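Q: Listed below are the residues making up each chain.
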Amino acid sequence: EDQVTQSPEALRLQEGESSSLNCSYTVSGLRGLFWYRQDPGKGPEFLFTLYSAGEEKEKERLKATLTKKESFLHITAPKPEDSATYLCAVSTGNQFYFGTGTSLTVIP
Amino acid sequence: SQTIHQWPATLVQPVGSPLSLECTVEGTSNPNLYWYRQAAGRGLQLLFYSVGIGQISSEVPQNLSASRPQDRQFILSSKKLLLSDSGFYLCAWSTRTYGYTFGSGTRLTVV
Chain W
677 EDQVTQSPEA LRLQEGESSS LNCSYTVSGL RGLFWYRQDP GKGPEFLFTL YSAGEEKEKE
737 RLKATLTKKE SFLHITAPKP EDSATYLCAV STGNQFYFGT GTSLTVIP
Chain H
-9 SQTIHQWPAT LVQPVGSPLS LECTVEGTSN PNLYWYRQAA GRGLQLLFYS VGIGQISSEV
51 PQNLSASRPQ DRQFILSSKK LLLSDSGFYL CAWSTRTYGY TFGSGTRLTV V
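Heads up: the protein sequence lines correspond to chains W and H, in order.
What the first sequence shows, in my numbering, is residues 677 to 784, in sequence order.
What the second sequence shows, in my numbering, is residues -9 to 101, in sequence order.
These are calculated hints, taken from the structure and not from any lab test.
Computed from a predicted structure; not experimentally measured.
It is possible that part of the hints are untrue.
Said to hold, decoys possible - In silico negatives: residues of chain H with every beta carbon more than 12 Å from chain W:
hint, residue
1, Thr0
2, Arg58
3, Thr87
Claimed, not checked - One-sided excerpt, in silico: chain W residues whose CB lies under 10 Å from chain H:
hint, residue
4, Gln682
5, Pro684
6, Lys718
7, Pro720
8, Lys739
9, Phe748
10, Phe772
11, Tyr773
12, Phe774
What the hints assert, rightly or not - Listed below are the simulated SDA-like cross-link pairs for lysine to any residue, each with C-alpha atoms no more than 25 Å apart in a straight line:
hint, chain 1, residue 1, chain 2, residue 2
13, W, Lys733, H, Arg58
14, W, Lys735, W, Ser704
15, W, Lys733, H, Pro8
16, W, Lys744, H, Thr87
17, W, Lys718, W, Lys755
18, W, Lys718, H, Gly44
19, W, Lys733, W, Gly708
20, W, Lys733, W, Thr776
21, W, Lys718, H, Pro8
22, W, Lys739, H, Arg62
23, W, Lys744, H, Arg58
We put the CB at the ideal spot given by N, CA and C, even for glycine.
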């Protein structure tokens, strides 16, 4: 069964405390893996697309990596404004599967 | 640039009342359009998608319907709302590069 699982469900970090969010997937024929950021009461905003194992993308304090089974979103020295829910999604070309997200809280 | 507009942002409706949520896209033609619902603490649930005018596919049989009267307009409707229809509704269009581009969402509370 195709599915996407994100862990942990919630994460609390002190400002400056680096960590990683995980997105594991079991799908047939990965066409792309997407990371989104969602603030409360708003729609998800696109962060990264990864297409193949070994690929990495960076944006400010965020770095996304991809293996054949999972993706990590690394957050380096997070700030309170990084607090949000981070969603990952996987496309097989015909189908799109979303994880349930990781709620990140960064404490000043 | 490509943008997506969704309204209203919040809506409080009594049980049994009708619903109409509208979504429009700018800067693209013949987009694939989607309606998702997001419940608190749960993932995104695909409700409907459309690949063209008048073409609607339903993923989950329920109290809701969708229509696409114009190329860049997608409408989510209900004739009689249920309490279980409460949630956060998102319109989106898709591209291969970005996956989905989402609207700002509508928080629907059925009372």
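Q: Look at each hint and say if it fits the structure.
A: Okay, the hints, checked on the actual structure:
1. Thr0: Not fine: 9 Å to the nearest Cβ puts threonine 0 (chain H) too close to chain W.
2. Arg58: holds, 19 Å
3. Thr87: violated, 6 Å
4. Gln682: holds, 9 Å
5. Pro684: Violated, because the Cβ-Cβ distance from proline 684 (chain W) to chain H comes to roughly 13 Å (cut-off 10 Å).
6. Lys718: holds, 6 Å
7. Pro720: holds, 5 Å
8. Lys739: Violated. Min distance 18 Å.
9. Phe748: violated, 18 Å
10. Phe772: holds, 7 Å
11. Tyr773: holds, 9 Å
12. Phe774: holds, 4 Å
13. W:Lys733 to H:Arg58: Distance of about 36 Å is beyond 25 Å: violated.
14. W:Lys735 to W:Ser704: With Cα atoms ~28 Å apart, lysine 735 (chain W) and serine 704 (chain W) exceed 25 Å; violated.
15. W:Lys733 to H:Pro8: violated, 45 Å
16. W:Lys744 to H:Thr87: holds, 19 Å
17. W:Lys718 to W:Lys755: With a Cα-Cα distance of about 20 Å, the restraint between lysine 718 (chain W) and lysine 755 (chain W) holds, given a limit of 25 Å.
18. W:Lys718 to H:Gly44: violated, 28 Å
19. W:Lys733 to W:Gly708: Judged against 25 Å, a Cα distance of about 13 Å means the pair holds.
20. W:Lys733 to W:Thr776: holds, 22 Å
21. W:Lys718 to H:Pro8: The given pair, whose Cα atoms are some 24 Å apart, holds under the 25 Å limit.
22. W:Lys739 to H:Arg62: Since the Cα atoms of lysine 739 (chain W) and arginine 62 (chain H) sit roughly 34 Å apart, the hinted pair is violated (cutoff 25 Å).
23. W:Lys744 to H:Arg58: It is violated: about 38 Å lies between the C-alpha atoms, which goes past 25 Å.
Hint compliance for this structure: hints 1, 3, 5, 8, 9, 13, 14, 15, 18, 22, 23 are not met, and every other hint is.
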